[in-house]
Every structure is written in C-alpha cells, then in structure tokens.
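Quick note, the sequences are listed as chains A and B, same order.
Heads up: the first sequence begins at 10 in the numbering used here, then just goes up one per residue.
Heads up: the second sequence begins at 909 in the numbering used here, then just goes up one per residue.
All clues stand as given, with none of them false.
Non-contacting residues of chain A with respect to chain B, defined by C-beta distances greater than 10 angstroms in every case (computed):
1. Thr100
2. Arg104
3. Gly168
4. Val181
5. Gln218
6. Asp228
7. Pro296
8. Arg331
A short, non-exhaustive set of chain B residues, derived as facing chain A with CB atoms under 10 angstroms:
9. Thr919
10. Ile959
11. Pro977
12. Met1045
13. Ala1049
14. Gly1051
15. Pro1053
16. Pro1090
17. Arg1091
Treat the hints as calculated values from the structure; they're not laboratory data.
These numbers come from a predicted model, not from an experiment.
Every residue gets a Cβ at the ideal spot worked out from N, C-alpha and C, and that includes glycine.
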Amino acid sequence: MSARGQPPAIEVVAAGPLTTVQDAGRVGWRHLGVACAGALDGDAAALANRLVGNRPDDAVLEFTLSGPSLRFAAPVRVALCGALVDAVFETDDGRACPIGHGRPVDLPPGTLRVGRPRMGVRAWLALSGGIDVPLVMGSRSTDLRGSFGGLDGRRLQAGDRLPLGPGGWHPVQRPAQPTWWTEFDDPLPAEPCIRYVPSGHSQATSLAQRHWRLDPRSDRQGLRLKGDSLACTRVDEVSAAVAPGTIQLPPDGQPIVLLADAQVTGGYPRLGHVAAVDLPRLAQLAPGQAVAWRAIDALESRRLWAHRRAQWYRLMRGLDARLAPGTPADLI
Amino acid sequence: MTSRDTPRIETLADDAWLVRLGEAIDPGTLRRVHELVRGLRDDRPPGVVDIVPAYTSVGVFLDPRRTEPTRVRAWLEAQLAARTDRAADDAGSRLVEIPVVYGGEWGPDLEDAAGSLGMEADALARRHASGDYTVAMIGFAPGFPYLAGLDPALALPRLATPRTHVPAGSVAIGGAQTGIYPRSSPGGWRILGRTPLTLFDPTRDAPALLQPGDRVRFRAIDPGAFDRLKEQPS
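All chains, please: the whole structure from these sequences, using the hints.
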C-alpha cells in the first residue's frame, strides 16, 4: 500500500566530503559556457531512480569517498547504486539494521548513515519523489564552479534540508527490503583498463604504452594522470569545444581527462576521447589507483556503446517485472 | 589563405563532432564560424543538443538516444556543401552596448597598462572603448565572452601571477583578446574597467547577456552612472 502526498524535507545530519544534488545534467547551454554537470555515472543514478519509482532524470545525491547521514521525519523509499557502500539505518527507538545495495528499501522515520565505499569511490542515493530543488536552466544538477543549481550551487553540509518531490512510498514501521539486488556495472578491477579513441596527435597512442596512476588532485572537472610525461611539442592550440571524456595533454605532459564539470572549451592538444561506454567507470577511479589505457577505433567505441544500451534495456525490462505493483519486500 | 581552408569534421567524442573551419584566429574564419552556427541552428534536426562555436571551429553535440552520430555527420556535410564561401555580413547579428567605468578602483590595471603601452590612461580607455568587437565564443566560465576585434596595439601580456579575486563585471585585456568577467573569480587578465551590467544570471530567461556572434561596443560612463545602473534590475 502506498501513500501519496508531500513528505517533509530530509535533514542532512552529516554531509560527507563531497555530496551534491545531481540529475541527468544540464544540456543545451554549452554555447554560453555552461558545463553539463550531472551524475558522473548517469546509468547508476538512473538505476537508483528506477528502483524507487522515480523518472530516470530525477535528482539524486552523488557522494564521493564517504556518504551522508540523513534524517527522515516520514517514511521514504531509497536505493543506493554505484560503488558498494556500507549503510546502516537507525530507527528513532534505537534499533539499527544494515541497508542493502542495488535494491528498493522502504524506511520508517529515522536516520540513514551511509559509510565508505568498499570498492570504487562514488555512489548515488535515490529517494522516492526525487530531490526537489528548483530547476535552473532546465536541470537540478549542482554546478560547483558556477555556484548554481542543486542546493544553492554548493556541496551539502550538515544542517541542510532537502525537499522531496511528491512520490509514492510505503508507510512501513520497520525497514523493509527485498533479498534480491541488482547492479549494472561490474566493480572495477584493481588495475582497470579504460578504452579510448586516439586523435591524430603524435602522442595519442603512447597513452596506452605508459603506466599511469590517478593524481589525488582529480575532481569532477577532470581526472589528472600521473606517470612518465608524454612529449608535448605544441604548447597551445586555438581553443575549441571539449567534451566529458576529452583527453588533454597540457605542457607538463601529464594528461587530464575531462569529466562532467569541465569547462566547455579548451586549448590544450588532445590525445583523443574516452569511449562513451567507459565514461561511467572513470567515476570509480580512486586517488593513486593504477589505470591502463587501450586504444580502440571510433566504430568499435560506438558498437560497445550500443551493446551497453541493449544491456540496459534488458535490465530495465527485468526490473519492470520485479517492481510490478506490490513489490514484495521481505521484512528484516 | 585560411578562409579558403576546406572544412574538416573530426571526432570530438562518441556523441560529438568538431567542425574545423581554419587553423588560425582571423576575422574571416570567425565570420564563417558564426555563419555556419546560424545555419546549423536554423536547421537543427532532432537529437542535436548543443552547437558550440569557437574561434576556428564548431562543436556539435548529439543525444545518442535520439539520433545516430553518422546521421548527424551526414547533416553536417550537407550543411557545409550547401554553404557558399560568402562570409556573413553583420546584418544578422545583435549590437549590445556595454557601459564601463574605466580606471580607478574599477580598473586597477589601467594606469600600469597604459604605461607599458606608452600612452596616457585616458587614451587607452578611449581606444579600448572605440573598438568594434564580436563575441567570438563564450568559455572559461558561464557567460564569459571572448571578444575579437581588439586593436592589436592594445595587446597586453597576462599578469605573471593571476589575481585571486577579480570582481564581477571587470573588463580586461589578456594577450590579444578582451573580455568581461561575469562573476568574481580568479583571473590573470589586465583589468581596465568595470561594467554594472550582470553578464550571467542562471535564473534569468536569457541567462547570458551576450551570445556568440553578437557585436559589442563599450561606452565609457562615470562612477555615478555605474551606481545608478547597478541599482536597476538586470
């Protein structure tokens, strides 16, 4: 049985180091210098939304390295996707229980404490109804560099209140979750291999022949690679459009892979672009982690992407059956 | 000659193409960029989500759930083939006037910049304000216009150490370019003055005051006018 109506806002008890409101991103404004922003793994965010009955582009919370603690004054359905994280729910009368990953979880009033990912660095938390911050230029995503969108254009902090949109939820007395779970991507191996399409730059294929580690200075704007410098003969090019996944070669020879918060134009020489199928995997690279590169051609890259989409639709069809009315939720 | 270069279409991402119309920054190439952008916008097929001009190129982004990269490429090729080599005249572009207070606390680099160019501060302000500029592209930050058309005699090197805080509205020269900081941010360009206008407000219907391809003129105003204009809603 589900109720409908306007649930009270959620209180952020602890925010974690970098927790932001993100949706499918801000599209159509690049010509005005506005970055896409949006969940770094759009599929994980969409999956979490699907599990709680939201639209795929509803706003979720993205967190990095450690999750938030959230207090709910009313029942809510939540789902955690992305990196595998430990999460515990505490009811107001002091009972605690672990919360599963990749499944819909119905919660009574209480506090959800999301810990550190066991593998990977980022995960997404969807809440039924979606985070209902105002749309800014068509999106609820936080633009950290522009300081707009999301919650006042910034990362969450303790004491924030997050409004939820109207959504169906199950007024449970105790946490309820099914024993089944689902995820879309395999966890990253210790030394993941990222596929990319090389440009015509003389150093483009050298990327795959060197050892790289992720520089800790990486953020949502770009991943910095650390390793034997690549020769950078041309210092500057005329600025031109760049995209999430563009691999730039700055003068120090240490490549930068742009992510969703990147500026829209850039003047560094380009080594190529990350295959779209591997873009979401970049979100899970940890500081200091080794990362290998493999060159593929553009046709192969598009084929891999089409294959990923086909897998996605199969996953969604399977979930439609599981999430049919009256989702069986085992009491725990 | 650059303006006769054959356009090249490069892969920018699995969901984006980059059309290169030349290699070097020159007025002819820039006019062709903006002419192409106008043509592409007027004839945009479903699934093309972003068209991003720069000095010598146009980035075209698509939603791969709604269209195919190869289909968009074929559309770009047809658009380029249909285009004659005529450069766009300025008739189709907007002219936007930007009021600026030059010098003083509003333009802390004006005196030094004028000194290094061997001219009086007033002369530098006058020559900067008398230019006829075009918004070549918007980048660096939301709403930051890179203006083409700076008098080459006014080119100034960037500061060796960028400022940590450049106030919003600062009008500045960096190399052979001039631009306006839409919001306070770090920056290394030489600040000649400041406009009271709000260049970027994500909550406005038209978030950016300037669009790529717009023509821009600066008008020198006094600090009193700055305060009056600042009080008006943007």
